[in-house]
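Chemist: Take the position in the sequence shown, starting the count at 1, then add 1; the result is the number in our numbering.
For the record, the hints were derived by calculation from the structure and aren't laboratory data.
Be a bit skeptical, because a hint or two may be false.
[As the list claims (entries may be wrong)] In silico DSS-like cross-links for lysine-lysine, where the CA-CA straight-line distance does not exceed 27 angstroms: (1) Lys24 / Lys53; (2) Lys57 / Lys11; (3) Lys11 / Lys31; (4) Lys31 / Lys57; (5) Lys57 / Lys16; (6) Lys31 / Lys19; (7) Lys31 / Lys6; (8) Lys57 / Lys24; (9) Lys6 / Lys57; (10) Lys31 / Lys16; (11) Lys19 / Lys53; (12) Lys53 / Lys11.
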Amino acid sequence: MTNTKVAQTKVEGTKTWKDDNAKNRPNMIKVDLLQNGQVIATQEVTEAGGWKYEFKDLA
Numbered sequence: 002m003t004n005t006k007v008a009q010t011k012v013e014g015t016k017t018w019k020d021d022n023a024k025n026r027p028n029m030i031k032v033d034l035l036q037n038g039q040v041i042a043t044q045e046v047t048e049a050g051g052w053k054y055e056f057k058d059l060a
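Taking the hints into account, I'd like the entire structure generated from these sequences.
Modeler: Spelled out as structure tokens, the structure:
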């Protein structure tokens with residue numbers, strides 16, 4: 002048996018609004034991570050979190 006280290010990666014981003022700071026933004030959006038067209042993870046992204054998201058420890 003041979004042990005092989007598998008690299009881990011992450012996907013991260015920030016929701017950028019192009020609406021002149023509109024007052025009717027949602028309180029939360031959902032970001033889906035897809036693999037081969039299938040959702041494998043979902044995150045709720047909010048203003049309180051800086052509209053940032055991160056999916057980590059991906060093989």
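Chemist: Run every hint past the structure and note whether it holds.
Modeler: Hints, one by one, checked against the model:
1. Lys24 / Lys53: 19 angstroms, holds
2. Lys57 / Lys11: Measuring from Cα to Cα gives roughly 4 angstroms; hence the hint holds.
3. Lys11 / Lys31: Since the Cα atoms of Lys11 and Lys31 sit roughly 17 angstroms apart, the hinted pair holds (cutoff 27 angstroms).
4. Lys31 / Lys57: Holds. Lys31 to Lys57 sits at ~16 angstroms (cutoff 27 angstroms).
5. Lys57 / Lys16: 17 angstroms, holds
6. Lys31 / Lys19: Measuring from Cα to Cα gives roughly 18 angstroms; hence the hint holds.
7. Lys31 / Lys6: 32 angstroms, violated
8. Lys57 / Lys24: Given pair Lys57, Lys24 is violated - Cα atoms ~32 angstroms apart, limit 27 angstroms.
9. Lys6 / Lys57: Holds, because 17 angstroms separates the two Cα atoms, which is no more than 27 angstroms.
10. Lys31 / Lys16: Given that 27 angstroms is the threshold and the Cα spacing comes to 10 angstroms, the pair holds.
11. Lys19 / Lys53: Roughly 16 angstroms separates the two Cα atoms, so the pair holds.
12. Lys53 / Lys11: Status holds; Cα separation ~13 angstroms.
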